[in-house]
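Q: Reading the sequence shown from the start, the letters are residues 2 to 140 in my numbering.
Each hint should be verified, as a subset may be incorrect.
Stated by the list, open to error - Ranges of calculated distance between the beta carbons of each label pair, as one might list FRET restraints:
1. His14 to Arg83: 32 to 38 Å
2. Ser115 to Thr29: 50 to 56 Å
3. Ala35 to Val111: 29 to 35 Å
4. Pro49 to Ser115: 47 to 53 Å
To be verified - In silico SDA-like pairs for lysine to any residue, Cα to Cα no more than 20 Å straight-line:
5. Lys118 to Tyr70
6. Lys58 to Leu72
7. Lys123 to Val111
8. Lys58 to Arg37
9. Lys118 to Ala84
10. Lys118 to Cys82
Calculated directly from the structure, the hints in this document are not laboratory data.
Here a beta-carbon is modelled for each residue, glycine too, at the ideal position from N, C-alpha and C.
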Amino acid sequence: MAKRLSARRVKIHRQYTYDSAADAVGVTAHTVRAWRPAGLAVLDSQKPHLILGIELKRFVESRASKKSYKLAPDEFYCMSCRAPRTPYGAMADYVPFNPARGRLVALCGVCEASCNKFVSLKMCGELAKTLTIATRARC
């Protein structure tokens with residue numbers, strides 16, 4: 002699984018070597034060197050090569066995934082497809098956690114992987130208009 006990078010420890014007014022940049026971001030120095038062809042600006046006119054803090058922060062923040070999906074009421078986010086999908090056969094199972102809240106479990110309409118969505122009991126009643134929902138006991 003890919004590691005989430007944090008640019009919060011990078012100081013923009015500082016210059017970093019590959020090793021110090023790796024320590025600040027939390028990766029190996031080899032990873033920072035591999036970022037060079039991917040667009041990380043490096044001052045390479047002298048040795049040791051230096052990376053400006055503002056450039057390192059910009060690069061790390063641009064690599065972070067900022068995708069946010071607004072799901073339609075009848076959509077689930079599929080972790081396999083990494084996209085919003087409608088459930089296979091418009092069917093879902095409701096697994097209650099407490100009297101007011103539960104989880105809808107469905108199969109992805111594309112890859113048939115398991116998808117989950119947390120909903121209130123009231124929202125589950127509204128979704129019953131578009132989905133076939135079966136209630137099952139808590140596992």
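Q: Run every hint past the structure and note whether it holds.
A: A quick look at each hint next to the structure:
As the Cβ distance of histidine 14 to arginine 83 is approximately 36 Å, the hint placing it in 32 to 38 Å holds. Against the hinted window of 50 to 56 Å, the Cβ-Cβ separation of serine 115 and threonine 29 comes to about 34 Å, which falls outside the hint. Separation of alanine 35 from valine 111 is about 33 Å and conforms to the stated range, judged on CB atoms against 29 to 35 Å. Here the CB-CB span from proline 49 to serine 115 is close to 49 Å, well matched to the stated 47 to 53 Å.
Restraint check for lysine 118 and tyrosine 70: satisfied, since their Cα atoms lie roughly 13 Å apart, inside the 20 Å limit. Distance restraint check for lysine 58 and leucine 72: the Cα-Cα separation of roughly 31 Å exceeds the 20 Å cut-off, and the hinted pair is therefore not satisfied. The hinted pair formed by lysine 123 and valine 111 fails the criterion: a straight-line CA distance of about 28 Å is larger than 20 Å. About 14 Å separates the Cα atoms of lysine 58 and arginine 37, which keeps this hinted pair within 20 Å; it holds.
Between the alpha carbons of lysine 118 and alanine 84 the distance comes to roughly 13 Å, so the proposed pair stays at or under 20 Å and holds. Of the supplied pair hints, the one linking lysine 118 and cysteine 82 holds, its CA atoms being roughly 15 Å apart against a limit of 20 Å.
The structure shown violates the earlier hints numbered 2, 6 and 7.
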